[in-house]
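**Student:** Please take these sequences and the hints and turn them into a complete structure.
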Amino acid sequence: MCVVKPEENLSLSEYLYSLRFYILFVSILFIGSIIFGYVGFFGGTFSRPMGRFQQLSEVVEDFTQLYPLWIIFLVAFVLIILNNVLTCFLNIVLGPLLAIAPVASMVFNGGLIGCLAQKRGLIIFIGIIPHGIFEIPALLLSGAIGLRIGREVLKNRAERNLKSVLNKGLRVFLVLILPLLLIAAVIESSSIVATLFLL
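In short: position in the sequence shown from 1, add 18, done, that's our numbering.
It is worth saying that the hints were derived from the structure and are not from the lab. Fair warning: there could be bad hints in the mix.
What the hints assert, rightly or not - Once the Cα atoms are required to be at most 20 angstroms apart in a straight line, the calculated SDA-like pairs of lysine to any residue come out as:
id, residue 1, residue 2
1, Lys181, Lys137
2, Lys173, Pro24
3, Lys181, Ser36
4, Lys137, Gly50
5, Lys181, Tyr33
6, Lys181, Leu192
7, Lys173, Lys137
8, Lys181, Leu116
9, Lys181, Leu198
10, Lys181, Leu37
11, Lys137, Leu184
12, Lys181, Phe48
13, Lys137, Ile147
14, Lys173, Pro114
15, Lys137, Leu34
16, Lys173, Leu192
17, Lys173, Leu184
18, Lys173, Ile118
19, Lys137, Phe59
20, Lys181, Leu28
21, Lys137, Phe54
22, Lys181, Arg66
What the hints assert, rightly or not - Quick list of the computed label-pair ranges, beta carbon to beta carbon:
id, residue 1, residue 2, range
23, Asn179, Asn101, 28 to 38 angstroms
24, Gln83, Val171, 43 to 53 angstroms
25, Ile118, Arg175, 14 to 24 angstroms
26, Gly58, Ser182, 39 to 49 angstroms
27, Val96, Lys181, 49 to 59 angstroms
28, Gly139, Ser208, 18 to 28 angstroms
29, Pro86, Phe54, 13 to 23 angstroms
30, Phe54, Arg175, 36 to 46 angstroms
31, Arg178, Ile89, 44 to 54 angstroms
32, Gln83, Leu28, 44 to 54 angstroms
Where a beta carbon is used, it is the ideal one built from N, C-alpha and C, also for glycine.
**Tutor:** Shown next, in the form of structure tokens:
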């Protein structure tokens with residue numbers, strides 16, 4: 019007879035394996051959104067966020083004339099890490115709301131990358147790869163955990179163990195997702211400073 023381990027007792031590798039179908043789903047959703055964004059499926063949906071990116075780029079360039087590069091690095095790092103940590107954290111804690119947040123997050127982030135690639139060319143992926151190899155897995159994993167938690171809500175009351183599933187997801191956030199985001203933020207901030215230095 020096969021004994022199923024309680025989710026909270028799973029090792030990290032066992033837990034990640036248990037999420038494999040959720041990870042596959044959010045990966046397909048994310049990649050599909052990139053493709054749809056690139057071919058223009060979302061129309062002007064991302065025009066406002068892209069406009070803000072442009073404004074932010076101009077502000078950062080102005081900062082280079084006022085502050086040393088190490089201050090720009092710190093500011094960029096704080097802004098990047100806060101944005102990414104908040105996104106991944108909300109993907110998990112809002113999972114109980116029928117997983118709407120993680121699904122929306124995959125579509126938004128994928129679609130935005132696709133639209134940026136359409137406007138600026140596929141070369142944008144070269145700029146994303148260095149930090150993206152850490153940031154994107156963290157995003158996808160947080161989305162998968164959010165979906166897993168959302169599925170738990172749909173179980174009948176007798177089988178539901180929402181608190182345990184949520185706690186496990188938050189522990190994985192702390193031991194795996196957060197370190198990945200920290201590494202990604204350091205790399206991305208360094209890339210920004212290096213680019214400004216070469217201008």
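**Student:** Would the pair Lys173 and Ile118 pass a check requiring their Cα atoms to be no farther apart than 20 angstroms?
**Tutor:** 17 angstroms, holds
**Student:** A range of 44 to 54 angstroms was offered for this pair. Does it hold for the Cβ distance of Gln83 and Leu28?
**Tutor:** Since the Cβ atoms of Gln83 and Leu28 sit about 52 angstroms apart, the hinted range of 44 to 54 angstroms holds.
**Student:** For the pair we were handed, Lys173 and Leu192, check the Cα-Cα distance against 20 angstroms.
**Tutor:** 26 angstroms, violated
**Student:** Please work out if Lys181 and Arg66 have their alpha carbons no farther apart than 20 angstroms.
**Tutor:** 37 angstroms, violated
**Student:** CA of Lys181 to CA of Leu37, is that 20 angstroms or under?
**Tutor:** Given that 20 angstroms is the threshold and the Cα spacing comes to 17 angstroms, the pair holds.
**Student:** Take a quick look at whether Lys181 and Leu116 sit within 20 angstroms of each other, Cα to Cα.
**Tutor:** 15 angstroms, holds
**Student:** Hint says 14 to 24 angstroms; check whether the CB-CB distance for Ile118 and Arg175 agrees.
**Tutor:** 21 angstroms, holds
**Student:** Does Lys173 pair with Pro24 here, judged by a C-alpha cut-off of 20 angstroms?
**Tutor:** 16 angstroms, holds
**Student:** Is it true that the C-beta distance of Arg178 to Ile89 lies inside 44 to 54 angstroms, as the hint says?
**Tutor:** 49 angstroms, holds
**Student:** Run the distance test for Lys181 versus Phe48: straight-line Cα separation, threshold 20 angstroms.
**Tutor:** 27 angstroms, violated
**Student:** Under the criterion that the straight-line Cα-Cα distance not exceed 20 angstroms, is the pair Lys181, Leu192 satisfied?
**Tutor:** Given pair Lys181, Leu192 holds - Cα atoms ~17 angstroms apart, limit 20 angstroms.
**Student:** Quick one, are Lys181 and Lys137 close enough, alpha carbons at most 20 angstroms?
**Tutor:** 44 angstroms, violated
Comparing the model with each earlier hint shows violations of hints 1, 7, 9, 11, 12, 15, 16, 22, 27 and 29; every other hint is respected.
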